[in-house]
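Participant: Residues per chain are reported as follows:
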Amino acid sequence: MNEMKILSTPLNIQACIDKIISPQSGGIDMFIGTVRDSTKGRTVKHLEYEAYESMAVKEMQKIVDEAFKKWPVQNILIHHRTGILKPGETAVVIAVSAAHRDAAFDACRYIIETLKKTVPIWKKEVFEDGEEWVSPNP
Amino acid sequence: MKVTILSFGSIREIFGNKFTEIEVPDTTTVDSLKALLESKYPRIKGIASYMVAINDEYASGDSTIKQSDEIAVIPPVCGG
Numbered sequence: 002m003n004e005m006k007i008l009s010t011p012l013n014i015q016a017c018i019d020k021i022i023s024p025q026s027g028g029i030d031m032f033i034g035t036v037r038d039s040t041k042g043r044t045v046k047h048l049e050y051e052a053y054e055s056m057a058v059k060e061m062q063k064i065v066d067e068a069f070k071k072w073p074v075q076n077i078l079i080h081h082r083t084g085i086l087k088p089g090e091t092a093v094v095i096a097v098s099a100a101h102r103d104a105a106f107d108a109c110r111y112i113i114e115t116l117k118k119t120v121p122i123w124k125k126e127v128f129e130d131g132e133e134w135v136s137p138n139p
Numbered sequence: 022m023k024v025t026i027l028s029f030g031s032i033r034e035i036f037g038n039k040f041t042e043i044e045v046p047d048t049t050t051v052d053s054l055k056a057l058l059e060s061k062y063p064r065i066k067g068i069a070s071y072m073v074a075i076n077d078e079y080a081s082g083d084s085t086i087k088q089s090d091e092i093a094v095i096p097p098v099c100g101g
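Each protein sequence line maps, in turn, to chains A and B.
If you count by the numbering used here, then the first sequence holds residues 2 to 139, one letter each, in order.
If you count by the numbering used here, then the second sequence holds residues 22 to 101, one letter each, in order.
Read the hints as simulated data drawn from the structure, not as lab findings.
Keep in mind it's a predicted model, so treat the numbers as computed, not measured.
Ideal placement from N, C-alpha and C gives every residue a C-beta, glycine not left out.
Take the hints with a grain of salt, since some may be wrong.
Stated by the list, open to error - Derived DSBU-like pairs: lysine-lysine, alpha-carbon spacing no greater than 30 Å straight-line:
1) A/K59 - A/K20
2) A/K63 - A/K117
3) A/K70 - A/K59
4) A/K59 - B/K87
5) B/K55 - A/K118
6) B/K39 - A/K118
7) B/K23 - A/K41
8) A/K59 - B/K23
9) B/K39 - A/K6
10) B/K66 - A/K59
11) A/K125 - B/K66
12) A/K63 - A/K6
13) B/K87 - A/K63
14) A/K125 - A/K71
15) B/K87 - A/K118
16) A/K41 - A/K117
Stated by the list, open to error - Sample of chain B residues with no beta-carbon within 10 Å of chain A, all distances over it, derived:
17) N38
18) A56
19) D83
Just chain B, same shape as in the assembly (with noise of 0.2 Å):
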């Protein structure tokens, strides 16, 4: 399935689009999601404990990814 990716900060300047489309098996974990995006973006291994959110959440390694989700990529957040 493809899914739609939204990243931001660093890992956007390294995606080079804040969307990005990947083809990703029917079933992927954030787990298997992040090891697809490190071998096709291999610069974001290089940025500590990014996370991944699914649908506005805090996703755990093993969360399952459904194409209707909306899935964002978070490096270390730095606010205020």
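Extracted from the complex, chain A is given alone in its bound form (with noise of 0.2 Å):
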């Protein structure tokens, strides 16, 4: 099973277990990514996500079939936002369910790495003097 989302609503993380748990699996790998309130030193008042969703999307289920490629996953799931997110809210949620906890680990840096590299999804951080567009991290 593998579910890919660009949601404009807060994301439930609890949901998100729930949808990927199973018995066949030992267990679940989870990378959460959040808003962090300051960037070298500027304080972040609000990030700004834009995606092109319909891209977006087709691109998350490149990365997730070939995740199911690479490990013995047994379900993945990817739920981004869009919109206004202020510090500490949730933008990204990656949850890989595997019978060993080898692979969950494995596929999920995979996902999100590739995602940062792949996937037209863009932010600019809104600081109280000024504001930017995100640039990829070498």
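Put the two chains together into one complex, using the hints given.
Facilitator: What follows is the structure, given as structure tokens:
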């Protein structure tokens, strides 16, 4: 099972777990990306997330397909927010269930790293004294 | 032919709109579209390695654009 969604409403972490938990799995690995309150010493008021939704979901599907090929994992879920998020709010949830933990950890890491490189989602940091589109980390 | 370009993030702010109509020659590649956009909006030259997507797929520079295509300009992505 897999589920990829772009959502403009708060992400429900427990609901994500409930979707992918299964008796065949021995564990769930989850990455929860949250909004940090400062960047290089500047105070972040909020982030504005924007997505090219149709393409983003297709790119997420490619990542998920690849993860299923590479690791023996059971279920994968990706939920990503759009809109205005305040520090502490959840921007992304990646959840992977697998029979054994190694596959779940590796797949989860692969999914978040690849998502940051290929999925058309952008964020603007709004500071108290200006705003800036975030450039990808090298 | 007239095509509509979808834009996002920093490029959307430069274009001033999510949808931008532009007149292009009937045979236009992604590279020639980029050159056209850069002459009309020189500020996008400052955006490192932006991409063009055709119908939800990243397109190579030599891909040809059809009027019925959904064309999007994709600044460097930064999800998560």
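Participant: Of the hints stated earlier, which fail here?
Facilitator: 7, 14
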